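K.L.:
Residues per chain, in single letters:
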Amino acid sequence: MIGIGIDIGSVATKGIIIYGDKQCRAMVPTGWSPRDAGKAVIDQLLDLSRIERREVAQIFVTGYGRVAFEDADKTITEIKCHARGIAELYPEVRTIIDIGGQDSKVIRVDEAGRVLDFAMNDKCAAGTGRFLQVMATALGLDVSELGQAEEPAQTLSISSMCTVFAESEIIGLLARGNPKGGIIAGLHQSVGKRVAAMARRMGIKEQVAFTGGVAINLGVKRALEEEIGSSVIVSEACQYTGALGAALLACKL
Amino acid sequence: MGLGSEKVIRLTEELGAHVVAMENCSGYKTLDLQTDTSGDDPIVALAEKYIKIPCSCMSPNTYRLELLNSMIDDFRADAVIDLTWQACHTYNIEAYEVGKVVKQKGLPYLHLESDYSNSDLESLKVRIEAMLEMVQK
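For the protein sequence lines, the chains are A and B, in the order given.
Quick note: the first sequence uses my numbering, first residue 1, plus one each step.
Quick note: the second sequence uses my numbering, first residue 1, plus one each step.
Hints are computed from structural coordinates only; laboratory data are not their basis.
Since the model is a prediction, treat every value here as computed from it, not as a measurement.
Heads up, a few of these hints could be off.
[As the list claims (entries may be wrong)] As a list, the in silico DSSO-like pairs of lysine-lysine whose alpha-carbon atoms are at most 30 Å apart:
hint: 1; chain 1: B; residue 1: Lys-49; chain 2: A; residue 2: Lys-74
hint: 2; chain 1: B; residue 1: Lys-52; chain 2: A; residue 2: Lys-205
hint: 3; chain 1: A; residue 1: Lys-205; chain 2: B; residue 2: Lys-103
hint: 4; chain 1: B; residue 1: Lys-52; chain 2: B; residue 2: Lys-100
hint: 5; chain 1: A; residue 1: Lys-205; chain 2: B; residue 2: Lys-105
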């Protein structure tokens, strides 16, 4: 059975096609149209796998753009898809921390990958990828460069959680001649603290997996590990976890 | 919780669930209590009824937890959504106890905090939808 899972996030649209024991994956920026981004990813997946659209049994769509996409056989929440994706990759995981472009979530799962409980950030951008993106711009960097920053001698603590206030705090820190590295470490710590507080409320049960686009950032991973006091697993395809879950469910796996 | 809560009810029902009961200020909370008609003074009897209201501004408020416990059984609920308004601190704090009651009964519990605006519709939707997925498993 051939199935496609698409995860239309606020920043990137990810897709995975599963055919037999093979998989292909593709990613495009979501841009302003979640519908077009979803279509583009499906086209790329079909090209990569050399499979015709009519051969695909089901397309399951998740992510905030799931409702805008009409071609879906079914829409599922990212929460269930991340749980399913992680159950496939790391069945020993009981707590999933997912940080994407506009959401951060903590999901507790059982041994079968079923969702036991979850928590999500409020509508504010604190503790999300958007927060890091805005801060990177203030520092004259691309968001992907934040994670590559070397560990500084000193972490400058950023006390504002709010994206707007944190930006002016950074400008103040820069004006006082503080090094970029220390500020970046402070930003990572701020995201780690925020999300760890949510995870502690849920109850952290090991092992812990870290998914979503922000999981690529090693600085946030380190900060999170420090805050929750346990190591976290990051898969090499952490951004695709939701799409993988959707694709597995589309294949009735 | 009167006007404004219909946004959450609408989302829940659009996602295929039915809201079977509401334990809110203008809902079942006030209906479960009966006035004692056997006494001599009706004013005192009414006052005694009103002071027992299971509102979170009363402390301790164990009657609310008992009421929720029996409402879950009476209405055969599959899940409980606890909607608190932003800055309604007493209900917000009590949500912790309510969550314990619901989870003890083995049901999914979702605590939402919202306001009268429509700006959080999508993020409310994903939470409610994920909770309903937990019911369907």
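K.L.:
Name the hints, by number, that the structure is in violation of.
P.N.:
Violated hints (numbers, rising): 1 and 2; every other hint is consistent with the structure.
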